[in-house]
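Enquirer: Residue numbers (my numbering), protein chains in the order written: chain A, -7 to 158; chain B, 34 to 442.
Bear in mind the hints are in silico, worked out from the structure with no lab data behind them.
The C-beta atom is built at its ideal place from N, Cα and C for all residues, glycine as well.
Do not take every clue at face value.
Claimed, not checked - Subject to a maximum C-alpha distance of 20 angstroms in a straight line, what follows is the list of computed PhoX-like cross-link-like pairs (lysine-lysine):
| no. | chain 1 | residue 1 | chain 2 | residue 2 |
| --- | --- | --- | --- | --- |
| 1 | B | Lys217 | A | Lys14 |
| 2 | B | Lys103 | A | Lys62 |
| 3 | B | Lys65 | B | Lys80 |
| 4 | B | Lys80 | B | Lys107 |
Stated by the list, open to error - Derived list of chain A stretches under chain B, where covered just means 3 residues or more per stretch with a C-beta under 8 angstroms from a C-beta of chain B:
| no. | stretch |
| --- | --- |
| 5 | 1 to 12 |
| 6 | 72 to 82 |
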Amino acid sequence: MILNDISIAKIRQKMICYTVRKSAILPALTVACRQVGHLNNEIYREISVILEIPYLEVAEAASFYTMFPKKPVGRHLIQVCHNISCALLGADSLISYLEEKLGIKKGETSPDNLFTLISVECLGSCTSAPMIQIDDKYYELLTREKIDRILDDLKESSLNGKESSF
Amino acid sequence: MEKKVLFKYIDFPEQANINIYLSHGGYQAWEKTLKNMSPAAVIDEIKKSGLRGRGGAGFPTGLKWSFVPKDNSKPRYLIGNADESEPGTCKDRVLMEHDPHAIVEGMAIAAFAIGSHQAFCYVRGEFVRPAHLMEKAIEEAYAKGFLGNDILGTGYNLNMTVHTGGGAYICGEETALLNSLEGKRGMSRLRPPFPAIEGLYLCPTVVNNVETLAAVPLIINNGAEWYASMGTDKSKGTKIFSLSGHIKRPGNYELELGTPLSYLINDLGGGVPDGHNMKAIIPGGSSTPFGSMLGSGAVIVINDQTCMVWVIERLIHFYRHESCGECTPCREGTAWLEQLIERLEKGKGRPGDLEKIDSICDNILGRTICPLGDAAVMPIQSALKLFREEFQYHIDNKRCLVKSEFVFK
Chain A
-7 MILNDISIAK
3 IRQKMICYTV
13 RKSAILPALT
23 VACRQVGHLN
33 NEIYREISVI
43 LEIPYLEVAE
53 AASFYTMFPK
63 KPVGRHLIQV
73 CHNISCALLG
83 ADSLISYLEE
93 KLGIKKGETS
103 PDNLFTLISV
113 ECLGSCTSAP
123 MIQIDDKYYE
133 LLTREKIDRI
143 LDDLKESSLN
153 GKESSF
Chain B
34 MEKKVLFKYI
44 DFPEQANINI
54 YLSHGGYQAW
64 EKTLKNMSPA
74 AVIDEIKKSG
84 LRGRGGAGFP
94 TGLKWSFVPK
104 DNSKPRYLIG
114 NADESEPGTC
124 KDRVLMEHDP
134 HAIVEGMAIA
144 AFAIGSHQAF
154 CYVRGEFVRP
164 AHLMEKAIEE
174 AYAKGFLGND
184 ILGTGYNLNM
194 TVHTGGGAYI
204 CGEETALLNS
214 LEGKRGMSRL
224 RPPFPAIEGL
234 YLCPTVVNNV
244 ETLAAVPLII
254 NNGAEWYASM
264 GTDKSKGTKI
274 FSLSGHIKRP
284 GNYELELGTP
294 LSYLINDLGG
304 GVPDGHNMKA
314 IIPGGSSTPF
324 GSMLGSGAVI
334 VINDQTCMVW
344 VIERLIHFYR
354 HESCGECTPC
364 REGTAWLEQL
374 IERLEKGKGR
384 PGDLEKIDSI
394 CDNILGRTIC
404 PLGDAAVMPI
414 QSALKLFREE
424 FQYHIDNKRC
434 LVKSEFVFK
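From just these sequences and the hints, can you work out the full model?
Expert: Written as structure tokens, this is what we have:
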């Protein structure tokens, strides 16, 4: 089993909110992704067993939603908004700066498996551009100085084994 | 002048806490609705107020509610739409983070008006914190007896659930949202039947943007005349505008409808910074033609250092990525447009490309189930009309007229 007891309990809790079990697919995928960091066929199978619906229905839905990574990512997923409001305020240069700082290209994971860097569409934080999302948390009105501090903090907290939360 | 109606307590600390919300008159409208009003009277009041949908389409809210059949024995559903994904738009998130109970109360009143006992708030998946705050607000409302069974001793039952999405822009479109909420791929449905007749689980359903819903308690408390006294003849009330891009003071501003755009941009936003001039405005979220319509209320300001082909490349990349793939003109058309415009921006455009873009746009517009296809096309057609010489320059000179090189600080 990939999903742990906490995740399974959370999914069961979500299930009772709906008269149709299939509606719990997205909440279940969200719970699974939060635990594992990404989704795969084995997870779809486990969810289908919990929800008592066909595996294919879970896999079909999951394949549509791009928010859930479909292959392993680093411990922290850095998503840079590259849409228009952020782009006008330097999102491209922000991506370059992150590539330089992390020593990886967009789409890659750092060798220490700490960070994966991707760029995404509008995250709904346009008045605080440029911005990034790391895991569940938004970081806004970014400057070089802020980026430096955010990355340092994340490196440090992962050394101490502390989890970040929003 | 800013008109802070929805935003009255936006900067008030702890407004998200139910006790503070109550101290500001919270849930009085819900109590009044349950104890003194009939569903028909609520719908009538909202109709009279002139409130229209704030998600982008601007459909009259009371009218939408009145489409739900009264003689149907199926369960009915009320859905708050907080799948905010329109580039440039970030108003729903502010409401959810700072005044979530206003949305909960508005959803409750709307649910009562259509005879619904189950409401969902569909929050975009990336909004982890806003969704968490909505969940917390709903929990608090249950604890105080504003939700659940036999609410305030009236015998009315209402359950409310937050449902988080999976990062698909299309799910903001109401029929795609319904499919998504049913656990399916977020693809749009053909209409008719409209959601008011056959929506969630094929039952009567109303989907309203959460900014629209947040205005409902205010209208019940202060009366339709009060709301209708704000704004213009055709567009009543206030609207939150998200001001972003090349602007000194970006932010969310609530204004009476009919307020001149120049007031928002120059007086509130402080104009274009760094001594540059304004080149273009995307007025209502990226799906609207340059300088045209209200849409979602997102105003994106673009300075004269910006290549318009680069802007359009950004936008078409977005629509190609977010096209759900259901309708061929949109699925194939946005991909072609992206390739052509990318080629143009890279200085590899060929004679005839602009005509080809025109033709693809014509073949998408009005030929898809949902408005995403139209949304992709409208800014392109508008840019090609207003800045055609800049597009032509890319073909003739193999480079940009002005190079967009924006560096973050």
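Enquirer: Quick one, are B:Lys217 and A:Lys14 close enough, alpha carbons at most 20 angstroms?
Expert: OK: B:Lys217 and A:Lys14 at ~8 angstroms, within 20 angstroms.
Enquirer: Under 8 angstroms between beta-carbons, do enough residues of the stretch 1 to 12 of chain A, three at least, approach chain B for the coverage claim to hold?
Expert: holds (count 4)
Enquirer: Please verify whether B:Lys80 and B:Lys107 have alpha carbons no more than 20 angstroms apart.
Expert: violated (25 angstroms)
Enquirer: Keeping to a limit of 20 angstroms between CA atoms, is the pair of B:Lys103 and A:Lys62 held or broken?
Expert: violated (45 angstroms)
Enquirer: If you look at each residue in the stretch 72 to 82 of chain A, do at least three have a Cβ nearer than 8 angstroms to any Cβ of chain B?
Expert: Satisfied; 8 residues make the cut.
Enquirer: Check the hint pairing B:Lys65 with B:Lys80 against an upper bound of 20 angstroms on the C-alpha distance.
Expert: holds (18 angstroms)
In summary, the structure is inconsistent with hints 2, 4 from the numbered list given earlier, while agreeing with the others.
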